[in-house]
Amino acid sequence: MSERSNSQREGSKVEASANAIVFVVEDDLSMRRSLTNLFQSVGLDVVAFGSAREMLQSTLPDVVSCLVLDVRLPGLSGLEFQTELARLNIHIPIIFITGHGDILMSVRAMKGGAVDFLTKPFRDQELLDAAVAATERDRKRREDEQTIAKLNSLFETLSPREQAVMKLVATGLMNKQIAAELGLAEITVKIYRGHVMKKMRARSLADLIRMTETLGIRTNRPEQT
Amino acid sequence: MYNQINNFKRSATQFTFGSITLAVVTLASLYLQTHFAETAFGYLLVILLFSLIGSFIASSALSILAIAALAYYFAPPAFSLRIEDPQALLVAVAFFTVSIVGTHLNGKVRQERQAARETAAELRRSAADLKDRENWWRAIFEHNPSMYVMVDEAGTVLNVNTFGATQLGYARSELIGQSVLGVFLEEDRALARKRIRTCLEDITQSQTWEAQKARKDGSVLWVRENAKAMLWADDRPVVLIACEDITERKRTELALQRSEAHLAQAQELSNTGSFGWNVATGEAFWSKEIFRILQLDPQTVPAPELVVARTHPDDRASVQETIDQAMRYPRDFEHEYRLLLPDGSVKHIHARARATRNATGDIEFVGAATDITAARQAEQQLRRSEAYLAEAQHLSHTGSWSWDVHGLDFIYRSAEVDRLFGFDPQETVSIETIRSRIHPDDLPRLKEMQQLAREGKDGRFAYDFRILMPDGSMRHIHSVAHVVVGSDGNVSELIGTHMDVTEQYAARERLECTLAALRESEQRFRDYAETASDWLWETGPDHQVTHLSEHTSAAGILATGLMGMLRWDIACDVEEEPEKWRQHRARLEAHLPFRDLVYRTVNRMGSPIYVRTSGKPFFDINGHFLGYRGVSTDITAIIRADQAEQELRKAQAELAHVTRVTTLGELTTSIAHEINQPLAAIINNADACLGWMNRETPDLSAARSSVDWIIEDAIRASEVIRRVRALAKKGEIEMLPLDINDVVKDVIALVTRELISHQVTLKTELTAALPAILGDRIQLQQVIINLVMNGIEAMDAVTDRTRELVIQSSEDDMGHVRVAVTDSGVGIAENDADRVLDPFFTTKSSGLGMGLSICRSIVEAHGGRLSIVRKQGPGASFRFDLPLHKEVVS
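Chains R and S, in that order, are what the protein sequence lines are. Using the numbering used here, the letters of the first sequence correspond one by one to residues 1 to 225. Using the numbering used here, the letters of the second sequence correspond one by one to residues 1 to 890.
No lab work stands behind these hints: they were computed from the structure. By construction, the Cβ of each residue, glycine as well, lies at the ideal position given by its N, Cα and C atoms. Possibly wrong hints are sitting among the right ones.
[To be verified] Using C-beta positions, here's what the derived DEER-type ranges look like:
1. Pro-61/R <-> Ala-714/S: 33 to 41 Å
2. Val-826/S <-> Leu-56/R: 27 to 35 Å
3. Met-110/R <-> Ala-714/S: 29 to 37 Å
4. Ala-714/S <-> Leu-56/R: 31 to 39 Å
5. Asp-832/S <-> Ile-103/R: 33 to 41 Å
6. Val-826/S <-> Ile-103/R: 29 to 37 Å
7. Val-826/S <-> Gln-125/R: 45 to 53 Å
8. Val-826/S <-> Leu-88/R: 32 to 40 Å
9. Leu-56/R <-> Asp-832/S: 39 to 47 Å
10. Leu-88/R <-> Ser-810/S: 37 to 45 Å
11. Glu-647/S <-> Gln-125/R: 53 to 61 Å
12. Ser-867/S <-> Met-110/R: 43 to 51 Å
13. Ser-867/S <-> Gln-125/R: 49 to 57 Å
14. Asp-832/S <-> Pro-61/R: 55 to 63 Å
Here chain R stands alone, though its shape is the one from the complex:
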């Protein structure tokens, strides 16, 4: 069993080892120490804090990371810290650990975007898995953020008319309908559409529509929804 878990951990270790940092906020010294020890033993970089305040006050490196957070903390509690981070627009995946979690607490944590909610004592693999998953999610989030930024910059290159045509195209309207909508000639719409496809580097209509979704652009036509 232990062997199996060890081999499993070995596997994940490779994946998770790519420059990810695990932040630990734990008031209990021995717990903090053991967590640090554990993450370090699998080759993860660990930065541990005794309290949320401590973490907020430090400068965090902008790398793939996750946060292992004790729910009960003196001063600012874990859940409050979660809210505070969200308010500060820090989207670090959080793994809650607690001595005695209850359903209400875990629901609240998960709703707040927690990756996992572990009840002490837990086996190392659970935590490590959670940490890997969290870092993975962070990595993905970071990648998504890069894609959106690229699309956005492309979208910014569109003229307002082209942007309007793009939004309507994304809703699935035909050129004629778009022309009527915008009060343009169908031919003009076709030209704008060509510009949009080109500027957005969309390979197909489906591609464009997915881009629109990624950008989160909505048309202002309520009767269409």
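For this one, chain R is given, so just place chain S on it according to the hints.
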């Protein structure tokens, strides 16, 4: 003269009225025009009538006047004195004659009547004179203060005067006609009869004698009677007796006779003879007693020489001298001498004589000689006994006295009385001086005794008083007295003795002191024994009970019939505790004292009691063992109280335990967390350790660190478990010296999680190096946990401020270690503050309300005090002070 004037007056009156009447008649006749003769007749009537008044002259004058009137008015010629008518003249003459004669006759008759009247008056006067005289004589007879009796020959009383009858107590009528012998005593009657006869024999001779008469009431009257016979009118001889009351004289005579007899008797009885001696004539008179004293024949002619002859030779000269002196100088004398009588006896004579001058002018000595032999002897005897008495009084310090209760002074006091008061018997001491030596405190009592004596009359008194001597010493006097009642029936004096009892007093005081000391000592030991025990006992050499004395306070405990029993027969726990009794008996056999043996037995009512007894052997002077003496106490109540206290303590511990466990229940989550935490760390470290080991190049150093941490965390976990177990344990209370900060830290370890979960910030302000206190760690932890938990709970509702709990430890000036737990919660309502520490008081919906109450009992059991402290701002502060561990203090 008077008569003449009287006659004249009468004549004048007669004339005047007669004239007027004549005038009236004249007028009437004129008016009626009567005739001469008729008028004359009318005039005649008037004149005769008036002649009755008496004066002839006036009547004559009236007659003339009438003639004149007749002649003038009625005889013709009218209005002329001339009478012309012879007939008328005749009538006038006749008229005149008749009137004169008539008038004269009238006067004659009147004179005769007058004479007769005077004769009659004369007769009446002489009769009255006679009567007066008779009355006079009778009065003399009656009222003369002598008795007069007149009797006839037969002795019948013919008359007696009232005085006489009254003297004899009779009325006259009762005596008259009765025999005079009736008033004589029976034995004198014959004599009386004889005397009357004597009187009658010679009537010229008056007789005088004295006799007794019997009064009607039987008393006797002595009378002197003078009797004489006389011949009464009809020659009847009667005897007149005049009696004079001589009772008084007779009585005096008798008294004199009696007193003479008495005197003679008195002389004889008092051995006193009287004598008279005429110096000039040499005549002497001796009373009978003198003869008797001198043992001389009464017929002997008395003479002073006889006295000298009888005088004791030693005194003869002085007697002779006295007689010679008396003969020379007529002066009173008095002397004493002895007689040597023919029978050889000696008599003491005391003689006194007074010189008087008799009727003839001679000096005469009258005196008395008294045989005072007996008195002399008595005197000698008295003197001797007085000497004895004085000596006895002196030796026994006893003085006798007699006290005048009215005069308030001694009538008599013996010399010893003076000596008792510290005075020389020779000197004169006033009653005030004597009194001044009496102890002032005793004076009222003495006065009271006198008062009692006066009122009591027949009482006998004994009383004590003190005399203060000038040198400051004090004498105690015991006085015994009795009252003497005087002739008036009142207490007149007190007779008594004063006895100096100073020595006896001192001796008694010494004895009393010794006795008191002895009593006090006895009482003291009794008090000790009684205070320390309920009863005393004594056992004999065989250890059987010989004596039991229950104190009144404990009476009724002991069962009856314990005498003669052995202690182990009385006890009920011999079988339960054989070892105790074996040891006890061994001690008794060894004759060793024992202390505080406790055993169980039954009381009088049969209920079991516990007795604690101690005893000590006692021995006689030869060292032979006699038994044990000791005390016992019923300690049932103490034992019961001990049991009750133990049970109470047990119950309290039980309750403390229950609340502790309850608290642990409340802490479960925190405790679980406290255990979970190190367990989780252990797992992490263990996993990490494996990780370090499984590396291609195992990192042994990191693995070692991991193991070290595993051990550390495991220890931490076991610590928590130990604490929890300790709190949950139902253990004995262990009082050990403690550092209160350690206790606080233990608690913090248990409640940290609880604080965190309630988002309470804990602030600790523990003073370092506090002195140790003596206490039970668990119980003190319980107190602090309770206070912390209450603080946490009180802050649950607080959302607008920091939830802060402060635990402080310090040492105060009074030598106490103080722990305070302060929260910033809802605080305690003002009116709950007093009750917060009471059992079952709670403001929570759940909970027994025992927490603080138990905290308080625990703190108080540690000799400390739990209190609520007023605090600024919100929240409450509880504080407890614990005394320092005594060894630390000392």
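Hint-by-hint comparison with the structure:
no.: 1; hint: Pro-61/R <-> Ala-714/S: 33 to 41 Å; result: holds (35 Å)
no.: 2; hint: Val-826/S <-> Leu-56/R: 27 to 35 Å; result: holds (32 Å)
no.: 3; hint: Met-110/R <-> Ala-714/S: 29 to 37 Å; result: holds (33 Å)
no.: 4; hint: Ala-714/S <-> Leu-56/R: 31 to 39 Å; result: holds (34 Å)
no.: 5; hint: Asp-832/S <-> Ile-103/R: 33 to 41 Å; result: holds (38 Å)
no.: 6; hint: Val-826/S <-> Ile-103/R: 29 to 37 Å; result: holds (30 Å)
no.: 7; hint: Val-826/S <-> Gln-125/R: 45 to 53 Å; result: holds (47 Å)
no.: 8; hint: Val-826/S <-> Leu-88/R: 32 to 40 Å; result: holds (35 Å)
no.: 9; hint: Leu-56/R <-> Asp-832/S: 39 to 47 Å; result: holds (42 Å)
no.: 10; hint: Leu-88/R <-> Ser-810/S: 37 to 45 Å; result: holds (44 Å)
no.: 11; hint: Glu-647/S <-> Gln-125/R: 53 to 61 Å; result: holds (58 Å)
no.: 12; hint: Ser-867/S <-> Met-110/R: 43 to 51 Å; result: holds (49 Å)
no.: 13; hint: Ser-867/S <-> Gln-125/R: 49 to 57 Å; result: holds (55 Å)
no.: 14; hint: Asp-832/S <-> Pro-61/R: 55 to 63 Å; result: holds (56 Å)
The earlier numbered hints are all upheld by this structure, with none contradicted.
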